[in-house]
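Peer 1: Please arrange chain B with the ligands on chain A, whose structure you already have, making use of the hints.
Here are the chains, one letter per residue:
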Amino acid sequence: MGPTRPLHAVFLRHPAPLRSNLVWQCSRSYHSYEHEAPPPFTPTEDAILSAALAHVPTHGFTNTALTQGARDAGYLDVSTNLFPAGAFSIVKYHLVTQRLALARHASSLQSQSDITTKIRKLALHRLHANEPIVHHWQEALALLSTARHLPTSLRELALLSDELLFLAGSTTVTSAWYTNRAALAAIYASAELFMTQDKSKGFTETEKFLKRRLEEGEKIRGGLDMVGKWVGMQAGGLVDGLRSKGVWI
Amino acid sequence: MRTAVTARLFFNQALHRPTPILEFLLPSFTVPQTRIHYASITTSSSSPNTEPSPSSLESPTSNKRRKPLSKTQRDFLDRVLRVNQAGELAATLIYTHQTSPITRAHPHLRSLMHHMYSQEAGHFSTFNQMLAKHRIRPTAMYPIWSAAASALGWGTGLMGREAAMACTEAVETEIGGHYNGQVRILLGWVKEMEDKGEEVGEEVRELVSTLKRIRDEELEHLDEAVGEGAREAKPYEFLNRVIRSGCKGAIWISERV
Ligand SMILES: [Fe+2]
Ligand SMILES: [Fe+2]
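Protein sequence lines correspond, in order, to chains A and B.
My numbering puts the first residue of the first sequence at 1057, with every later residue one more than the last.
My numbering puts the first residue of the second sequence at 2, with every later residue one more than the last.
The following block holds chain A by itself, in its conformation from the complex (with noise of 0.2 angstroms):
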């Protein structure tokens, strides 16, 4: 297994205009509320691959566990083919279910809270959902960041950052609607890190990095809209200051 790059690194890593371009990707196109999106796997990867994914605590992100899911499954074990891009595959299952899964989660949330609090507990839950397999999490991120899987880790992970905001009810669809999901993106990212590292009971160390991440990025937000309000505010008493003076502007 080779060295492990945290995904947040890679992603930060990029310059600017990719990492932008990065984020785009979490744009799907318009979303319709009179019918349901079509199922991303088909039942046949269904059964496969949710029966793989169980047998990843003893075996890992391996060929072992595809291989294992499809006997489970009731299929040959020829019928791995079916995932030319092996072991990722079980990876990608469990992101894009588990992703899924957050709307049914985002119902029981408390409607007075605030979007912040919604958004740490939104991601937490996802956090937690990788608790069964954590051991096995950095082996899952090695797979992630080969250059062959990047464009996809990277989409799924604009994709959930996407999820978590709208799930968390932001409506802002001024240009921060792009540092937002860049933001969230990178302190999720890192805090799906750490958790692969936190020995503490229940993850409350991890909780704690979330929070903790989730201010600092809040506190950076909120100076930044101080600088542009302080910026408006000068020009707009200079254009004044002017116009009293009896300058047409």
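Some clues are possibly wrong.
Below 27 angstroms or equal to it, Euclidean Cα-Cα: the simulated DSS-like pairs (lysine-lysine) are [as the list claims (entries may be wrong)]:
hint, chain 1, residue 1, chain 2, residue 2
1, A, K1174, B, K134
2, A, K1301, A, K1177
3, B, K213, B, K249
4, A, K1301, A, K1174
5, B, K68, B, K192
6, A, K1177, B, K134
DEER-style ranges, computed between Cβ atoms [stated by the list, open to error]:
hint, chain 1, residue 1, chain 2, residue 2, range
7, A, G1142, B, R214, 49 to 57 angstroms
8, B, E207, A, S1169, 47 to 55 angstroms
9, B, S246, A, T1260, 58 to 66 angstroms
10, B, D217, A, G1258, 21 to 29 angstroms
11, B, G198, A, H1087, 23 to 31 angstroms
12, A, R1299, B, V258, 34 to 42 angstroms
13, A, E1092, B, E207, 15 to 23 angstroms
14, B, R214, A, T1172, 44 to 52 angstroms
15, A, D1133, B, G250, 51 to 59 angstroms
Keep in mind that the hints were calculated from the coordinates and are not lab data.
Since the model is a prediction, treat every value here as computed from it, not as a measurement.
Glycine residues also receive a C-beta, built at the ideal position from the N, C-alpha and C atoms.
Peer 2: What follows is chain B with the ligands alone, placed relative to chain A:
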């Protein structure tokens, strides 16, 4: 001269023959887009009287089967709603920056400027809500459009009433035509669904009526601007051409990035 030709050649090639680098930088540039033709419109505040108004637009309930919007249709909505939001952002900023110099010189225009501004603010908030609800990303050019629209409003405001009105006329001609094109395409979908005996969903039905209303308001702005001397602006032709091609360019870019 030769550089310009080479640059254009490169640009055309880059656009029409996807290169891996460009595809990675700007994926949406190289994805073949459905070409939409927007017919230009003449000044008139009435909606075209040839516009069909299918009966299914008025009947909210039916137990006909309903087909999901296709990927192409959803991509179309994604693109146009993003452009609409950017356009309304620009409109509110143009009026905001024109109002002060214009109403100082022409106090009788205060109520008109205020009326047009508040309608634009209403449009802007309508599209903001739609983007959030339907999970559509805003244009990545957001800060740039803000700056450009503010500068345009401020500049034409300083040039005087006629220039400000010429600006409104030019912008509304493009925007009105843009909305008109959308209404026409959506009505095409509605007709197709009706012909196949499918139920037209509430979402499409509502969108058509919202777009029609907003288009009619834009066309009113156009008429009011012409009434307030837009055509007397000097240099009218120049302003009209520059602002209209600016709008076209902005629409083209916002559809993609
Ligand atoms: Fe408008
Ligand atoms: Fe308008």
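Peer 1: Could you run down the list of hints and mark each one as holding or not?
Peer 2: Against the structure, the hints:
Distance check on the hinted pair: A:K1174 and B:K134 sit about 18 angstroms apart at the alpha-carbon level, within 27 angstroms; holds. With a CA separation close to 54 angstroms, the supplied pair A:K1301 and A:K1177 exceeds the 27 angstroms bound. For a cut-off of 27 angstroms, the pair hint linking B:K213 to B:K249 stands: about 20 angstroms separates their Cα positions. With a CA separation close to 50 angstroms, the supplied pair A:K1301 and A:K1174 exceeds the 27 angstroms bound.
A hinted pair counts as satisfied when its Cα atoms are at most 27 angstroms apart, and B:K68 with B:K192 qualifies at roughly 14 angstroms. Restraint check for A:K1177 and B:K134: the C-alpha separation of about 22 angstroms stays at or below 27 angstroms, so the hint holds. The hinted window of 49 to 57 angstroms between A:G1142 and B:R214 holds, with their beta carbons roughly 54 angstroms apart. Look at B:E207 against A:S1169: about 31 angstroms separates their beta carbons, and that is not inside 47 to 55 angstroms.
Under the hint 58 to 66 angstroms, the C-beta atoms of B:S246 and A:T1260, about 60 angstroms apart, fit the expected range. Restraint check, B:D217 to A:G1258: a C-beta distance of roughly 59 angstroms breaks the suggested window 21 to 29 angstroms. In this structure the supplied range 23 to 31 angstroms holds for B:G198 paired with A:H1087, their Cβ-Cβ distance being about 26 angstroms. Distance hint for A:R1299 and B:V258: a CB-CB separation of about 36 angstroms, consistent with the stated range 34 to 42 angstroms.
About 20 angstroms separates the C-beta atoms of A:E1092 and B:E207, a value consistent with the hinted range of 15 to 23 angstroms. Roughly 36 angstroms separates the CB atoms of B:R214 and A:T1172, a value that falls outside the hinted 44 to 52 angstroms. At roughly 58 angstroms, the beta-carbon separation of A:D1133 and B:G250 lies within the given 51 to 59 angstroms, and the hint holds.
In this structure, the earlier hints numbered 2, 4, 8, 10, 14 are contradicted, and the remaining ones agree with it.
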